[in-house]
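There are 2 protein chains.
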Amino acid sequence: MKTLIVYDISSTKLRSKVAEILKDWGLTRIQLSAFIGELTPQERNDLAEYLKRLPLSERDKIDIFPICIKDLKLHMRIVKGSIKHGEP
Amino acid sequence: MKTLIVYDISSTKLRSKVAEILKDWGLTRIQLSAFIGELTPQERNDLAEYLKRLPLSERDKIDIFPICIKDLKLHMRIVKGSIKHGEP
Numbered sequence: 001m002k003t004l005i006v007y008d009i010s011s012t013k014l015r016s017k018v019a020e021i022l023k024d025w026g027l028t029r030i031q032l033s034a035f036i037g038e039l040t041p042q043e044r045n046d047l048a049e050y051l052k053r054l055p056l057s058e059r060d061k062i063d064i065f066p067i068c069i070k071d072l073k074l075h076m077r078i079v080k081g082s083i084k085h086g087e088p
Numbered sequence: 001m002k003t004l005i006v007y008d009i010s011s012t013k014l015r016s017k018v019a020e021i022l023k024d025w026g027l028t029r030i031q032l033s034a035f036i037g038e039l040t041p042q043e044r045n046d047l048a049e050y051l052k053r054l055p056l057s058e059r060d061k062i063d064i065f066p067i068c069i070k071d072l073k074l075h076m077r078i079v080k081g082s083i084k085h086g087e088p
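Line by line, the protein sequences are chains V and W.
Using this note's numbering, the letters of the first sequence correspond one by one to residues 1 to 88.
Using this note's numbering, the letters of the second sequence correspond one by one to residues 1 to 88.
There may be inaccurate statements among the hints.
So the derived label-pair ranges between C-beta atoms look like this [as the list claims (entries may be wrong)]:
#, chain 1, residue 1, chain 2, residue 2, range
1, V, GLU58, W, THR40, 34 to 40 Å
2, V, SER82, W, LEU32, 22 to 28 Å
3, W, THR28, V, SER11, 21 to 27 Å
4, W, LEU14, V, ASP8, 16 to 22 Å
5, W, THR28, V, LEU32, 17 to 23 Å
6, V, MET1, W, GLY26, 25 to 31 Å
7, W, LYS13, V, SER11, 34 to 40 Å
FYI, nobody ran anything at the bench for these hints, they're computed from the structure.
By construction, the Cβ of each residue, glycine as well, lies at the ideal position given by its N, Cα and C atoms.
Start from the sequences, fold in the hints, and give me the full structure.
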């Protein structure tokens with residue numbers, strides 16, 4: 001299932017590390033702190049366990065959103081002067 | 001339908017303005033640049049049209065993800081030392 005991962009991480013070093021991990025897991029960056037990609041339920045849980053062990057600060061957050069294809073088709077991206085519809 | 005909105009906006013002033021707009025539309029902040037809330041399809045489109053008119057720079061992006069309740073129940077939030085399951 002496609003999975004969106006967005007994060008708020010205060011440490012620049014840790015933020016880069018998370019980005020590297022998500023790339024290693026085959027996810028694609030769609031924003032500075034947002035990645036999307038195909039993960040099985042098992043992979044999702046394994047990745048969450050892996051990320052949980054990182055030295056997150058009290059205020060850091062990583063949100064994992066599985067999103068079905070039907071919903072992804074409703075996605076909209078707003079950029080300068082236009083709206084793009086469909087899967088990111 | 002619950003809708004997740006995440007954004008990459010370079011201008012601090014504009015970033016704050018978008019946050020204010022999303023709050024005005026009844027969305028709840030879950031991360032610095034991520035909000036979630038209930039929007040009808042019409043509200044989603046109206047909000048997208050409204051945001052499109054903002055003075056976004058070339059690299060700014062706002063992503064709108066409608067997410068059904070079934071998927072939201074699979075959401076996971078990773079914070080320092082723990083994983084929380086369920087709707088954000």
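Cross-check of the supplied hints:
1. The supplied range of 34 to 40 Å is met by GLU58(V) and THR40(W), whose beta-carbon atoms lie about 36 Å from each other.
2. The hinted range of 22 to 28 Å is satisfied by SER82(V) and LEU32(W), whose Cβ atoms lie roughly 25 Å apart.
3. Here the CB-CB span from THR28(W) to SER11(V) is close to 25 Å, well matched to the stated 21 to 27 Å.
4. In this structure, LEU14(W) and ASP8(V) meet the distance hint of 16 to 22 Å, their C-beta atoms being roughly 19 Å apart.
5. Look at THR28(W) against LEU32(V): about 22 Å separates their beta carbons, and that is inside 17 to 23 Å.
6. The beta-carbon spacing between MET1(V) and GLY26(W), approximately 28 Å, falls within the hinted interval of 25 to 31 Å.
7. In this structure the hint that LYS13(W) and SER11(V) lie 34 to 40 Å apart at CB is violated, the actual value being about 25 Å.
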